[in-house]
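Construct the entire structure; sequences and hints are all you get.
In the working numbering, the protein residues as written are 1 to 94.
Hint data in this document are derived by calculation from the structure and do not stem from the laboratory. This one's a predicted model, so the numbers in the text were calculated from it and none came from an experiment. Glycine included, every Cβ here is placed at the ideal spot set by N, Cα and C. Among these hints, one or two may not hold up.
Derived CB-CB ranges, DEER-like [stated by the list, open to error]:
#1 PHE81 / GLN51: 36 to 44 angstroms
#2 PHE88 / TYR3: 19 to 27 angstroms
#3 TRP60 / ALA10: 27 to 35 angstroms
#4 GLN91 / TRP60: 18 to 26 angstroms
#5 ASN2 / ALA79: 29 to 37 angstroms
#6 ASN93 / GLU8: 33 to 41 angstroms
#7 GLU8 / GLU77: 29 to 37 angstroms
#8 LEU86 / ASN2: 17 to 25 angstroms
#9 ASN65 / HIS5: 37 to 45 angstroms
#10 MET52 / LEU85: 22 to 30 angstroms
#11 VAL12 / PHE81: 32 to 40 angstroms
#12 ASN62 / VAL12: 29 to 37 angstroms
#13 PHE81 / ALA10: 37 to 45 angstroms
#14 TYR3 / PRO33: 33 to 41 angstroms
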Amino acid sequence: MNYKHETEGAGVIFPFFRWQTYRGGYLWERNSPDTYLGEFNLGLEWQFSPQMELTAEYDWVNRTNTSSIQARIVNGEYAQFQGDLLRFQFQINY
1 MNYKHETEGA GVIFPFFRWQ TYRGGYLWER NSPDTYLGEF NLGLEWQFSP
51 QMELTAEYDW VNRTNTSSIQ ARIVNGEYAQ FQGDLLRFQF QINY
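Dropping the structure here:
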């Protein structure tokens with residue numbers, strides 16, 4: 001979900017919210033383990049000129065860790081990984 005707000009003199013602002021979820025087999029992993037993915041993303045994109053934009057995004061992540069190095073198997077299942085991510089991006093369009 002997003003919204004476009006055009007301001008006078010400050011450019012264009014796009015607040016956005018994204019939610020995604022998946023439960024099922026991880027097909028590109030060996031033995032296709034059962035996995036769960038849940039993510040919420042909340043962010044703001046600011047185009048202060050047609051050539052430049054700045055994005056700030058905060059993510060809440062809950063997913064199955066199938067990495068062979070870091071995965072912990074508990075009762076025959078891979079452990080869940082939960083974390084938060086804050087991301088900034090500056091982009092120049094030409």
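Hints and how they fare:
no.: 1; hint: PHE81 / GLN51: 36 to 44 angstroms; verdict: 38 angstroms, holds
no.: 2; hint: PHE88 / TYR3: 19 to 27 angstroms; verdict: 20 angstroms, holds
no.: 3; hint: TRP60 / ALA10: 27 to 35 angstroms; verdict: 29 angstroms, holds
no.: 4; hint: GLN91 / TRP60: 18 to 26 angstroms; verdict: 24 angstroms, holds
no.: 5; hint: ASN2 / ALA79: 29 to 37 angstroms; verdict: 33 angstroms, holds
no.: 6; hint: ASN93 / GLU8: 33 to 41 angstroms; verdict: 22 angstroms, violated
no.: 7; hint: GLU8 / GLU77: 29 to 37 angstroms; verdict: 55 angstroms, violated
no.: 8; hint: LEU86 / ASN2: 17 to 25 angstroms; verdict: 19 angstroms, holds
no.: 9; hint: ASN65 / HIS5: 37 to 45 angstroms; verdict: 38 angstroms, holds
no.: 10; hint: MET52 / LEU85: 22 to 30 angstroms; verdict: 23 angstroms, holds
no.: 11; hint: VAL12 / PHE81: 32 to 40 angstroms; verdict: 35 angstroms, holds
no.: 12; hint: ASN62 / VAL12: 29 to 37 angstroms; verdict: 32 angstroms, holds
no.: 13; hint: PHE81 / ALA10: 37 to 45 angstroms; verdict: 38 angstroms, holds
no.: 14; hint: TYR3 / PRO33: 33 to 41 angstroms; verdict: 38 angstroms, holds
Checked against the numbered hints given earlier, the structure breaks hints 6 and 7 and satisfies all the rest.
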